[in-house]
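> Letter by letter, the chains look like this.
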Amino acid sequence: MKPLRYILIEMVQLIVVIAAAPAFVGWVDMLKCWSQGRASAGVLQPYRNIAKLFVKDVVLAGNASWIFRFTPYMVFGSAVVVGSVMPIISIDLFLAPSADIIVLIAVFATARFFIALAGMDIGTAFGGMGSSREMMIASLTEPAILMAIFTVSLAGRSTSLVHIVQSFASASLTLRPSIVFAAIAFIFVVIAEAGRVPVDNPSTHLELTMVHEAMILEYSGRHLALIQWGSMIRFFLFVTLGIACFLPWGIAATDSAGDIAISVFLLSLKLGVIGAVIVLIETGLAKMRLFRLTEFLGAAFLMATLGVISFFILE
Amino acid sequence: MILLVFIITPFVAALILAFIGDRRFAPEINIFSSILTFTAGIVLALEVYRHGPVIAGGKFFFVDAFSVYLSVLTAFVSSTTAVFSRRYMQREREHGRVGKVRMRFYHAMFQMFIFAMLLCLLTNNIGVLWIAMELATLSTVLLVSLYRTPNAIEAAWKYFILCGVGIAQALFGTVLLYFAAEKVIGEGGEALLWTNLIEVSGRLEPTILSLAFVFLVVGYGTKVGLVPLHNWLPDAHSEGPTPISAVLSGLLLNIALYALVRCKVLVDGSTHTHYAGNIMMGFGIVSILVASFSILRQKDIKRMFSYSSIEHMGIATFAFGLGGPIATYGALLHMLMHSLTKSSIFFTVGHACQMHRTQEIEKIKGLFKGDAFVGWSLMLGTMAIAGMPPFGIFTSEFLILTAVIKNAPLLTPFILIGLAAAFAGLLRKVQYMVSGDTPSYFNPIQAAHTPVLLHMVLVLVLAFYMPDFLNKWFQTTVELLK
Amino acid sequence: MNLQLLAQINSFLAALVLLTSFAMLSQRKINSLVTLFAWQGLFLSINTAVVGFVAAKHHLYISSLLTLSLKVILLPYILHVLVVRLKIRKEMETIVNIPTTMLIGIALVIFSYHLTAPVREMSTLITRSTLAVALATVMIGLLMMITRKHAVTQIIGFLAMENGLFFAATSATYGMPLVVELGVALDVLIAAFIFGIFFFQISTTFDSLSVEQMESLREDN
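Taken in order, these protein sequences are the chains called E, Z and L.
At position 248 of the first sequence (counting the first as 1) the number is 248 in UniProt numbering, and the numbers step up by one without a gap.
At position 465 of the second sequence (counting the first as 1) the number is 465 in UniProt numbering, and the numbers step up by one without a gap.
At position 216 of the third sequence (counting the first as 1) the number is 216 in UniProt numbering, and the numbers step up by one without a gap.
Some clues are possibly wrong.
Unchecked claim - Straight-line C-alpha distance at most 27 Å; calculated BS3-like pairs for lysine-lysine:
# : chain 1 : residue 1 : chain 2 : residue 2
1 : Z       : K472      : Z       : K482
2 : E       : K2        : E       : K287
3 : Z       : K59       : Z       : K406
4 : E       : K287      : L       : K29
5 : Z       : K59       : L       : K29
6 : Z       : K482      : Z       : K406
7 : Z       : K183      : L       : K57
What the hints assert, rightly or not - Distance ranges between label pairs, derived from CB positions:
#  : chain 1 : residue 1 : chain 2 : residue 2 : range
8  : L       : Y61       : E       : T209      : 51 to 59 Å
9  : Z       : K59       : L       : H80       : 37 to 45 Å
10 : E       : F312      : L       : H80       : 30 to 38 Å
11 : L       : Y61       : Z       : T450      : 49 to 57 Å
12 : E       : S98       : L       : S69       : 36 to 44 Å
13 : Z       : G52       : L       : Y61       : 35 to 43 Å
14 : E       : L146      : L       : R85       : 57 to 65 Å
15 : L       : E121      : Z       : Y49       : 56 to 64 Å
16 : L       : H58       : E       : S98       : 53 to 61 Å
17 : E       : T209      : L       : E121      : 50 to 58 Å
18 : L       : E212      : Z       : I198      : 46 to 54 Å
19 : Z       : K59       : E       : L146      : 52 to 60 Å
20 : Z       : K100      : E       : F291      : 50 to 58 Å
21 : L       : H80       : Z       : N443      : 47 to 55 Å
Worth flagging that the hints you see were computed from the coordinates, not collected in a lab.
From the three backbone atoms N, C-alpha and C, an ideal C-beta is built for every residue, glycine too.
Let's have the full structure, built from the sequences with the hints guiding it.
Printed below as a string of structure tokens:
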């Protein structure tokens, strides 16, 4: 009986992750439209986009290698892997013991590595430029995100995400400067990782500024659909990782159906609020020049480091 | 009571002069108040001489042999400087370098400076000591920029910023000291009183005091002008009005060293090692070497003599660090002698500069012919400061050297090299300035003889004859610093 | 109120003070610097009051009020007036670029942490852990004075150092005796008037408040 239940919860979570990610992006886009006084296409627009791309043909460049064809599956697959092990709706997941937080970051990094390779694979100027920019950003975000993660794992006394979530969810509300610093750093990093304003703008194809879009310019059809879907899941996962680390209250501790339902409900509530916060940030800021990014991400790194330091000094 | 007169007089004078400091008789008020302070100082000194240390004002004031000799010296040098500044500032005013407001400012701040220094010496509270030290800096900062030339403002800014930064470190050291003392004495103001601290110094936590001393030595060391914290000193001395150079060099540096030595006693009492002494010796020897070689390449006469001040403060710091009766005695004597000699040199240098309307060594010539008194007193003063017998500095340096040869023979060559370089540098440049023909732009002025003569005679007499009271004070202080 | 919560508030405010220090280190605009300085003073003042409450030391309330009036209201006001009067608006260049300065700042925090270790071991006060932050604030103020070439920035660095010292006294010993605190405040006040005068002297003599042009007094051979 037990194993079956495990598998069931696992399935529920996977479905939530894969299915809800476009909805979350759609929600953010919708709020953004509203905040700018435009009519929105609704929450479901990302699904339509993906569906449309799936029925289209794939056009491949003549000199595309296996890397180019492999990358979409790699991107989507890695997102699914992370989505299946991370404690999103329940702590008591079947695969959760393998959810070491550093491993999760590494899996994301692998996907990013492949997408950067694929960007250069065809040999067009835009792809290479996008890849080089993406790598520059990555070199700055990854130290910051690791530092933020270290702070959290210091406080949770483990790098296992399950343990961290458990210890936070059970602790009473305390004012911990280190966690606050880490959370701020994490927000900065998520913005950069997800390619949102002010780091990148997901809705333009302006050659001067685009980063992520430049890398995937050569993709079409189902490949593009997979990459976009993968990116959406990735964005969704970063947000839920933040929720798991900093706002874990309400996550299901047992595997009863009632707990899971409450957990899913609270999760959607938190996501809704976070989406609104992201929109606030995006509308409040202008896109930065690429070279100002070092300062933006430097600030994220600084915050995260201050988090680690203040953990030692003040706690 | 007399203590109150001693300390309040300059403060009241500062307030009065802030309003009427530009009148014709303002310099006389300045002189009068300084002499009154000096007289009160002598009376206080007699009391200390007869009855030992005085504690007054609810333990707020504490005067022992160490502080009384320095405070009388402070009052003395400030009175002679006031006498010197009367004509000097009058002439500066005639040349249009200072106006009415600045004269008021000058006189008020001069007295305020004396007040701050006396407060440093007489207070029993090491927190107040810090405050008074900062006040002494603040009151002289705008005096350094009195002429408002770009260089003067730059010098004053450097002085303000560097000393501010330095003194902030000293406050952190004081906080640590208070932290250690509070553990033993208990909370409240009592734990900052020096008389209490010295009693319990054996029970203060050594690690905390060692840490505190690092901050204190950086903080007060900046004010003493120890290398490498000395950058402000030559600028401030060379760009300010000469009377201010004289008191900065002759008095302020002493006071800062006094504060440092007071703290060292506490640290020594706690750690029972030569830790504090070693730090001071290190700073001292670096100061001696760097300053004496810097003398060789100076082009500005006041700058040159301010490097000489750094060198001498280095010697005194080194000697205090070395410890032992002979070195400490030598250091105390050295502070006294340097103070008297250096301020008298600055007086003559001030005259020389006004006669030539420049501070450049190259352009100052023929002082013997131009004004024999100024020429000879500059020459003799330089010989004294360079450590030639029969002047007092020779005696103190000789004592210190004896102690070095006995206790730290390996360091002897460094000290000797430093002394020799300073000697050569000073005499070579001064000899050039005093000899030769007077240049065309030379304009003779009436020099103030009394202050210079008084100082030089004292320096000469003290080399041969040590009055009983001074000897006794030094012995007591040596005992205290052991 | 429970002591645990107050201790948390205390360390949280300490973290905010540290954060403002870093924010000042990264800020190029003088107006924002002044605002940040006022914020730092505010955190410090609240912190002092909290410590006063925890330790039942009533003189700390006076210190807290003193900080509030001096470092949150008066000094920022004076600085602001000066900035407006002297028409300082321009962003200024730093000697070392800002990310590097930040890294040095972090190194200084770690250094302060190690330096204050003996105090932390000996102390029994609930504020003992904030001493490292206090020393770090002093050091970062110093760093700011070194890396900036503008008179106003240097002064703000100087005042930030003073903040750090005040914070150090509060966290190491629940504040210095009142005489000393008052005296230090007086010194800061006098210093404020002096730098005010200085700004005018410098800007009239040199046409701008950049310290870079003040380099004639050097040991040139």
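> Each hint should be assessed against the structure and marked as holding or not.
Structure-based check of all given hints:
{"no.": "1", "hint": "Z:K472 / Z:K482", "in the structure": "holds (15 Å)"}
{"no.": "2", "hint": "E:K2 / E:K287", "in the structure": "violated (50 Å)"}
{"no.": "3", "hint": "Z:K59 / Z:K406", "in the structure": "violated (40 Å)"}
{"no.": "4", "hint": "E:K287 / L:K29", "in the structure": "holds (20 Å)"}
{"no.": "5", "hint": "Z:K59 / L:K29", "in the structure": "violated (49 Å)"}
{"no.": "6", "hint": "Z:K482 / Z:K406", "in the structure": "holds (17 Å)"}
{"no.": "7", "hint": "Z:K183 / L:K57", "in the structure": "holds (17 Å)"}
{"no.": "8", "hint": "L:Y61 / E:T209: 51 to 59 Å", "in the structure": "holds (54 Å)"}
{"no.": "9", "hint": "Z:K59 / L:H80: 37 to 45 Å", "in the structure": "holds (42 Å)"}
{"no.": "10", "hint": "E:F312 / L:H80: 30 to 38 Å", "in the structure": "holds (37 Å)"}
{"no.": "11", "hint": "L:Y61 / Z:T450: 49 to 57 Å", "in the structure": "holds (55 Å)"}
{"no.": "12", "hint": "E:S98 / L:S69: 36 to 44 Å", "in the structure": "violated (58 Å)"}
{"no.": "13", "hint": "Z:G52 / L:Y61: 35 to 43 Å", "in the structure": "holds (41 Å)"}
{"no.": "14", "hint": "E:L146 / L:R85: 57 to 65 Å", "in the structure": "violated (47 Å)"}
{"no.": "15", "hint": "L:E121 / Z:Y49: 56 to 64 Å", "in the structure": "violated (46 Å)"}
{"no.": "16", "hint": "L:H58 / E:S98: 53 to 61 Å", "in the structure": "holds (57 Å)"}
{"no.": "17", "hint": "E:T209 / L:E121: 50 to 58 Å", "in the structure": "holds (53 Å)"}
{"no.": "18", "hint": "L:E212 / Z:I198: 46 to 54 Å", "in the structure": "holds (47 Å)"}
{"no.": "19", "hint": "Z:K59 / E:L146: 52 to 60 Å", "in the structure": "holds (57 Å)"}
{"no.": "20", "hint": "Z:K100 / E:F291: 50 to 58 Å", "in the structure": "holds (55 Å)"}
{"no.": "21", "hint": "L:H80 / Z:N443: 47 to 55 Å", "in the structure": "holds (49 Å)"}
Hint check: violations occur at hints 2, 3, 5, 12, 14 and 15; the rest are consistent with the structure.
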